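Visitor: Each chain, written out:
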Amino acid sequence: MPKGGVEMEGLNKYIPEGTRDILFNECYSKIEIENLLRDVYKTYGYHEIISPTLEFYDVFNMNNQPISQEKMYKLFDNRGRILVLRADMTTPIARIAATKIKKEMFPMKLCYSQNIFRVNEILNGKLSEFTQSGVEILGVEGIRGDVEAIYTGIEALKKIGLKDFKIEIGDSIFFKELTENINLDESKKETLRLLIQNKNISALKEFLENNKENIDKNISLVLERLPELFGGKEVITETRELLNNLDNITSLRCIENVYEVMEKLGLSKYIAIDLGMVQNLNYYSGLIFRGYCMEVGDSILSGGRYDRLIENFGENLPATGFAINVDIVLEALRVQGKLKSDKGVQKVVFCKAEDLDKGYALLKAIKSSGIKTEMALFDSEKEALDYCGKIKCECLINITDNIEYKIINNEWIKSQYKF
Amino acid sequence: MECVKPLRIALTKGRLEKFSIEIFEKIGIDTEELKNKGRRLVLSDKKNNIQFVLVKAVDVLTYVEHGAADIGIVGKDTLMEEGIDFYEVVDLKVGKCKFALASIPSFNLNEGYNRKKIASKYPRVTREYFRKLGIDVEIIKIEGSVELAPILGLSDAIVDIVETGTTLKENGLVIFDEICDISARMIVNRASMKMRVDEIKKLINDVQEVVNTRG
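So the protein lines, in turn, are chains A and B. Per the working numbering, the very first residue in the first sequence carries number 1; after that it's consecutive. Per the working numbering, the very first residue in the second sequence carries number 420; after that it's consecutive.
Worth flagging that the hints you see were computed from the coordinates, not collected in a lab. Computed from a predicted structure; not experimentally measured. Some clues are possibly wrong.
Claimed, not checked - Derived lysine to any residue pairs resembling SDA-like cross-links, with alpha carbons at most 25 angstroms apart:
(1) K205(A) <-> V629(B)
(2) K621(B) <-> K189(A)
(3) K189(A) <-> L552(B)
(4) K620(B) <-> K406(A)
(5) K620(B) <-> S302(A)
(6) K512(B) <-> L221(A)
Starting from the given sequences, assemble the full structure and let the hints guide the process.
Guide: Structural data, given as structure tokens:
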């Protein structure tokens, strides 16, 4: 029989790995950021939605699913069906778009700010529960949707005060177009794709050398350069030259067009191009983008076009969107010294228990003049004054005795108070 | 924009350390502190604004993944075993060895219907190798001296790193299959690659050149 101690207590004082309690200033900052982001989306005409934390596993179980099943938290409902804790927001929104929104409503812009759950490897320092704030633009093809998404993303990151970030854009179609006519089977193409995605320059060279009879010379030159084709607009020019102005590569034009719009808007300093971004080809179907900043090693924003996703739920709707990882952005802002702290209370009201009515009447009056104020939860004036010291509040009103205390030169100075 | 934060490079302690230092020396980085590190953990080249840290192989991945280090030098074996995608920009062609399937001479992978037991320090590499072959095996994780496992009858065979093959030979084991070649790689954090393009591109080119000229 366990005799108390650890066994009796169990885990009741602990939280699971990958989760966290967010307190005081950090909580204030996080909510503040979420609100600022929400403001940006809403002022640009996005509608906020809330989806359930629990979804059926079937919602996420599709061909080319972006989140593998071992990364999802699963449980059973009372009828034995498999549920998952929401593992991303794009998939539930695709479900909603196809099943809940009337056809004539599209194009439609939605936004959200919700928690996402992912199973991580043990002790790898990543959060299993984190907040994503983002948008989905449904029913719009091509540059209109792409520019809307990227522009909104940049505005959102600017609004929260993030400095020196970059949104890099690429196109998942680019690799497909490049390799369309080369004589390699799918598994070899996948090997090639991985070498490019991981910028594995030396192995890529070797691969291309070994398969040179099957790949057109110009294409091979571009493929070889692909891991290094990132940076500014010059990337497009270089690729054009390498391709000998082959004009059947439409995705290149696509990236260029978006870049030019951003340039005209004066936002090109936030934009980089990476033609070597070739991830998740079966999920993304066009322009993809990712946001980075110096202070954190993970991407702060990710998004792109997924025209085939909503098909899984029975409707054919082009779509694009992005998600900002609020917790990572929070960390970046903290390192940049950009986090604001909550404004403290300016006045504290004290009263004896029998005067609580008077106390709260005063509290309400002070608050209505826009001053942040709180009721002292103590029985003695001494304790209330000590409390003011602790929270760095410089004014206490004792409404029972009609006295006002103010700190002048580090000392409490008493004066008569009239309500 | 001028970046004041030093470029951080995480090096794998031990076998790869010497090779890495050699390469960085050749591209004109001041490795004096690295060579005379004493008990210091962070070694700098102030002139080139570079900091080195020496950590265990797996930790190189962790530091680089989180962006605590921008660049890492680590063996392909560790990359394969941890299964995390990195920009794997240069094959340094040093610390060469290979993954191999080895056992006592009487071992036969295709014999009988009993599920074979395979001991390894690299369970993920082992699992993927046998999945590709379409063979169902039981994997036993061993932390060191893996060669012992088939000798003592704990496992039917092992998957391990083989450099010269001497250890295997001295213990009466033979190689049944060579799985793949391994060497040291230079990896780069995804955000660093994008935020410090010029510095890192230059470093990659310099290092690649050293590797090429050494042949």
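Visitor: Does each hint fit the structure? Answer for all of them.
Guide: Verification of the supplied hints:
no. : hint                : result
1   : K205(A) <-> V629(B) : holds (17 angstroms)
2   : K621(B) <-> K189(A) : violated (29 angstroms)
3   : K189(A) <-> L552(B) : holds (21 angstroms)
4   : K620(B) <-> K406(A) : violated (60 angstroms)
5   : K620(B) <-> S302(A) : holds (24 angstroms)
6   : K512(B) <-> L221(A) : holds (24 angstroms)
Comparing the model with each earlier hint shows violations of hints 2, 4; every other hint is respected.
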